[in-house]
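> Sequence:
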Amino acid sequence: MIEIQNVTRLYGKTVAVSKLDLNIHRGEIFGLLGSNGAGKSTTMKMVCGLLKPTNGTIHVGGIDVRNNPLAVKAKIGYLPENAQLYERLTGKENLELIGALRKLSSNLIEERIEYYSEKLGLEKHIFSEVGSYSKGMKQRLAIAQTLIHDPEVLVLDEPASGLDPRYVKLLKEWIRKLARTGCTIILSTHITEIAASLCDRIGIINNGRLGGIGTVSDLMIATNSKNLEDCFVSIVESDATTEITEGRFYRTD
1 MIEIQNVTRL YGKTVAVSKL DLNIHRGEIF GLLGSNGAGK STTMKMVCGL LKPTNGTIHV
61 GGIDVRNNPL AVKAKIGYLP ENAQLYERLT GKENLELIGA LRKLSSNLIE ERIEYYSEKL
121 GLEKHIFSEV GSYSKGMKQR LAIAQTLIHD PEVLVLDEPA SGLDPRYVKL LKEWIRKLAR
181 TGCTIILSTH ITEIAASLCD RIGIINNGRL GGIGTVSDLM IATNSKNLED CFVSIVESDA
241 TTEITEGRFY RTD
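Residue numbering for the sequence shown follows the UniProt record's numbering, starting at 1 and increasing by one per position.
In case anyone wonders, no lab produced these hints; they're calculated from the structure. Treat the hints with caution; some may be incorrect.
Cβ pair distances, simulated, as ranges [said to hold, decoys possible]:
1. E229 <-> E110: 41 to 51 angstroms
2. E81 <-> K103: 23 to 33 angstroms
3. L108 <-> E237: 45 to 55 angstroms
4. D21 <-> E129: 20 to 30 angstroms
5. N107 <-> K13: 51 to 61 angstroms
6. E110 <-> L10: 15 to 25 angstroms
Glycine residues also receive a C-beta, built at the ideal position from the N, C-alpha and C atoms.
Build the full structure now, drawing on both the sequences and the hints.
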């Protein structure tokens, strides 16, 4: 569903992402695990067509992101790390605007606003200006915006940011449910617990390079680690490459 081939992104002379190769399957929950500045957000923006790779290609559902970004954006629900909301509009007006931009019918927009405002605990605040919302409420509204058009692909950059444990649990449940319906999900996080408990496969990214990829079990075996946290530290500190190919592991320093 998402094919990333030999992708590099430069900012001037700074390498943000280097020679990234990644295939994410339909209905898979794939996690990019990395520290701040590792290249997660840059990768997410390139998948969404918001940034162009310096080199390499990205396809989403068979569509080249560089050549047809609008077609790709129609398939994607993107939650940026710092979601942009219109603070002088109410929560409802924000969702109505996004629904209209996504060309949903008025009736469907109203149905989904009612559904998400209830599920995300926003019903008491949906008619209030977003500028009065707490950080957690803004994140919940941003999640509703991301899901309102029922996207084929979800690109979630640090989706649990600002959420209390109750809504983190709900978010995980939604992500699993969406994956079961065939939605493809790529999410970034620096929290190993979220990656370990939610993702089918994980890519550990460090200094713009993919340092390890596989299931939690794969990565733990490859690095001789007791848990994902130890595995992450091992890969980041060694800055090595750990991969699984046809069930075999190898490392190159």
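> So, for every hint listed, does it hold in this structure?
Structure-based check of all given hints:
no.: 1; hint: E229 <-> E110: 41 to 51 angstroms; verdict: holds, 44 angstroms
no.: 2; hint: E81 <-> K103: 23 to 33 angstroms; verdict: holds, 26 angstroms
no.: 3; hint: L108 <-> E237: 45 to 55 angstroms; verdict: holds, 50 angstroms
no.: 4; hint: D21 <-> E129: 20 to 30 angstroms; verdict: violated, 45 angstroms
no.: 5; hint: N107 <-> K13: 51 to 61 angstroms; verdict: holds, 52 angstroms
no.: 6; hint: E110 <-> L10: 15 to 25 angstroms; verdict: violated, 45 angstroms
In this structure, the hints that do not hold are numbers 4 and 6, in rising order.
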